[in-house]
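So the chains spell out like this:
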Amino acid sequence: MILNASGCLDALTAPEVAQSLDAFVTKTVTPLPREGNQPVRIAETDLGMVNSIGLANPGIDRFLADTLPRLIDLGVPVWVSVGGFAARDYAELCARLDDQPVAALELNVSCPNVSSPEEEVEEIVAAARGVTKKTLYAKLSPAVPDVGAAAAAAARAGADGLTLVNTIRGLALDERTLEPKLGPGVGGLSGPALRPIALAAVFTAYRATGLPIVGVGGVETGAHGLELIAAGAFAFALGTVLFADPEAPLRVREELEREASARGFATPLAAYAAAHGGPPPTPLRRVA
Amino acid sequence: MRRELLDVVRVEDVGPYRLLRLKRGRLESGIPGQFFMLAPPGRLLPRPMSLSLATRTELGFLIDPVGPGTRALTAVVRGERLNVLGPLGNGFRLDVERPLLVGGGIGLAPLPYLSERLGRPPAVLGFRSEAHAEAAALVPNAEVVVEPRLVTEAMPAGHDVLACGPEAMLRAVAALAPGAQLAWEAPMACGYGGCYGCAVEIGGKLKRLCVEGPVLERAA
Numbered sequence: 380m381i382l383n384a385s386g387c388l389d390a391l392t393a394p395e396v397a398q399s400l401d402a403f404v405t406k407t408v409t410p411l412p413r414e415g416n417q418p419v420r421i422a423e424t425d426l427g428m429v430n431s432i433g434l435a436n437p438g439i440d441r442f443l444a445d446t447l448p449r450l451i452d453l454g455v456p457v458w459v460s461v462g463g464f465a466a467r468d469y470a471e472l473c474a475r476l477d478d479q480p481v482a483a484l485e486l487n488v489s490c491p492n493v494s495s496p497e498e499e500v501e502e503i504v505a506a507a508r509g510v511t512k513k514t515l516y517a518k519l520s521p522a523v524p525d526v527g528a529a530a531a532a533a534a535r536a537g538a539d540g541l542t543l544v545n546t547i548r549g550l551a552l553d554e555r556t557l558e559p560k561l562g563p564g565v566g567g568l569s570g571p572a573l574r575p576i577a578l579a580a581v582f583t584a585y586r587a588t589g590l591p592i593v594g595v596g597g598v599e600t601g602a603h604g605l606e607l608i609a610a611g612a613f614a615f616a617l618g619t620v621l622f623a624d625p626e627a628p629l630r631v632r633e634e635l636e637r638e639a640s641a642r643g644f645a646t647p648l649a650a651y652a653a654a655h656g657g658p659p660p661t662p663l664r665r666v667a
Numbered sequence: 750m751r752r753e754l755l756d757v758v759r760v761e762d763v764g765p766y767r768l769l770r771l772k773r774g775r776l777e778s779g780i781p782g783q784f785f786m787l788a789p790p791g792r793l794l795p796r797p798m799s800l801s802l803a804t805r806t807e808l809g810f811l812i813d814p815v816g817p818g819t820r821a822l823t824a825v826v827r828g829e830r831l832n833v834l835g836p837l838g839n840g841f842r843l844d845v846e847r848p849l850l851v852g853g854g855i856g857l858a859p860l861p862y863l864s865e866r867l868g869r870p871p872a873v874l875g876f877r878s879e880a881h882a883e884a885a886a887l888v889p890n891a892e893v894v895v896e897p898r899l900v901t902e903a904m905p906a907g908h909d910v911l912a913c914g915p916e917a918m919l920r921a922v923a924a925l926a927p928g929a930q931l932a933w934e935a936p937m938a939c940g941y942g943g944c945y946g947c948a949v950e951i952g953g954k955l956k957r958l959c960v961e962g963p964v965l966e967r968a969a
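Taken in sequence, the protein lines are chains A and B.
Here the working numbering is used: the first residue of the first sequence is 380, the next is one more, and so on.
Here the working numbering is used: the first residue of the second sequence is 750, the next is one more, and so on.
Do not take every clue at face value.
What the hints assert, rightly or not - Listed below are the simulated EDC-like cross-link pairs for lysine to aspartate or glutamate, each with C-alpha atoms no more than 20 angstroms apart in a straight line:
| # | chain 1 | residue 1 | chain 2 | residue 2 |
| --- | --- | --- | --- | --- |
| 1 | B | K954 | A | E502 |
| 2 | A | K513 | A | E502 |
| 3 | B | K772 | B | D756 |
| 4 | B | K954 | A | E414 |
| 5 | A | K513 | A | E554 |
| 6 | A | K513 | A | E501 |
| 7 | B | K772 | B | E753 |
| 8 | B | K954 | A | D445 |
| 9 | A | K513 | A | E414 |
| 10 | B | K956 | A | E501 |
| 11 | A | K512 | A | E502 |
| 12 | B | K956 | A | D445 |
| 13 | A | K512 | A | E501 |
| 14 | A | K513 | A | D539 |
| 15 | B | K772 | B | D762 |
What the hints assert, rightly or not - Example chain A residues on the side facing chain B (calculated, C-beta under 10 angstroms, incomplete):
| # | residue |
| --- | --- |
| 16 | T392 |
| 17 | R420 |
| 18 | M428 |
Calculated from the structure, these hints are not laboratory results.
Think of the CB as a built atom: it goes at the ideal place given N, C-alpha and C, for glycine as much as any other residue.
Given the sequences, and given the hints that come with them, work out the whole structure.
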């Protein structure tokens, strides 16, 4: 299953891209409208990009009245990403989405561009769980001391699944002035630089919880997606790659089938958690 | 929205800028002022470029090598291929009675194609040096000014202004010609509404330039 990473695609300006995915994940919706951060908001780095969008969104009222009905009309399953600044914000958002025809709710507890409520993962997931029967995913940051512990906290609080990872903080400086390129200074790093970080987080969270995981972070090819599946993701999402290649979902899907088959897996999902079930590690080779 | 791998047919120096002529493939040339995302070899993100020239077989893009992306684009040679997505955004409204094209520096990029489509109307182009001013050869019927003289000092009154250039120039042009159509620029990762990176203030609100513009009829 291939999704987009939240905040990397607007299904209303690019419906054909959204329709090439198995599910569309919305940009994070907050209780109140947010204009987002002052420009400059994006900059390329050597192995990725940094962004500081600041959760620009119309707020839940307008999202429900105006955006969501048009998303539903596209005919693609919709996952709604929700975010806030306290557990009660998440509870309010989830309660209002509970009777909507959406496939899942993703709790963004990891945006690096707003004050982060990472420590409150358990409290937030529990608050959301208390008000909705919808499938609940917790989107976690890899920038914590123990992502396995954060994943276990989300599982204890009733999350049905995990999304790993969000961006991590990064800084890009102008090559001449040496001043930050982004308006707010530091932003969220995404792209290829995140790939091994996402793999490690998925690998660790799978071992810690066994929950279904959507792997996100630097996927550019089918081989990258297959690695996330092997690390313990049942699905993965495309983020930064969509900016350069709106046809990436179709291409990556074809590559994924091919890469799986080339390694002897009947389907891509046959490689699920393959990284955990291999032969024991080779003993150290004695050279003297 | 179409993306294609296009052959580089020819690369020409135009003053300090470089004109890339690409085989057109099946891409539409679009409306002048619309833009294309060009993927520089070896870089992660494509760069937004307005179309400078369109023939039946070629698309031409004028590029100023100012950063890693534009430097990689100007380093391509004949025979290489570039991924190009477009046309994107909203171009100039062409139903104007007395057009006057106004360009500043690399902001002249969309003007050769715009001039062609409008029947070669008068133009005023401003540059920071004589070397940069060589690019004026791409726009017919152009009066050229070089700093310290500014385009606003050479703009005749009573025209429908269509302008592209640095922000300060666009604001000065808008003050002189309130109904001017202005082509703005902003860093963009995608060009089709996904990244929210190109936000600019329009009518007091931050909006995506790639969706609302890049050509706007009021000062952003």
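Tested hints:
Straight-line distance between C-alpha atoms of K954(B) and E502(A) comes to about 34 angstroms, which puts the hinted pair past the 20 angstroms bound. Using a Cα cut-off of 20 angstroms, the hinted pair K513(A) and E502(A) holds, with the two alpha carbons roughly 17 angstroms apart. For the suggested pair K772(B) and D756(B), the alpha carbons sit about 5 angstroms apart, so the restraint of at most 20 angstroms is met. With a C-alpha separation of about 7 angstroms, the suggested pairing of K954(B) with E414(A) holds against the 20 angstroms cut-off.
With a C-alpha separation of about 47 angstroms, the suggested pairing of K513(A) with E554(A) is violated against the 20 angstroms cut-off. Only pairs whose Cα atoms come within 20 angstroms are accepted, and K513(A) paired with E501(A) is accepted, the gap being roughly 17 angstroms. Between K772(B) and E753(B) the CA atoms are separated by roughly 10 angstroms; this keeps the pair inside 20 angstroms, and the hint holds. Distance check on the hinted pair: K954(B) and D445(A) sit about 18 angstroms apart at the alpha-carbon level, within 20 angstroms; holds.
Note on K513(A) and E414(A): the hinted pairing is violated, with a Cα-Cα distance of about 28 angstroms set against a maximum of 20 angstroms. Of the supplied pair hints, the one linking K956(B) and E501(A) is violated, its CA atoms being roughly 35 angstroms apart against a limit of 20 angstroms. About 17 angstroms separates the Cα atoms of K512(A) and E502(A), which keeps this hinted pair within 20 angstroms; it holds. Only pairs whose Cα atoms come within 20 angstroms are accepted, and K956(B) paired with D445(A) is accepted, the gap being roughly 17 angstroms.
With a C-alpha separation of about 17 angstroms, the suggested pair K512(A) and E501(A) falls inside the 20 angstroms cut-off, and the hint holds. For the given pair, K513(A) sits about 9 angstroms from D539(A) by alpha-carbon distance, which is consistent with the 20 angstroms threshold. For the proposed pair K772(B) and D762(B), the alpha carbon gap of about 18 angstroms is at most 20 angstroms, so the pair holds. Nearest Cβ of chain B to the Cβ of T392(A): about 3 angstroms, under the 10 angstroms cut. The hint holds.
A hinted interface residue such as R420(A) counts as satisfied when its beta carbon comes closer than 10 angstroms to some beta carbon of chain B; here the least separation is about 5 angstroms, so the hint holds. With 10 angstroms as the threshold, the beta carbon of M428(A) comes within range of chain B, its nearest partner Cβ sitting at about 6 angstroms, so the hint holds.
Comparing the model with each earlier hint shows violations of hints 1, 5, 9, 10; every other hint is respected.
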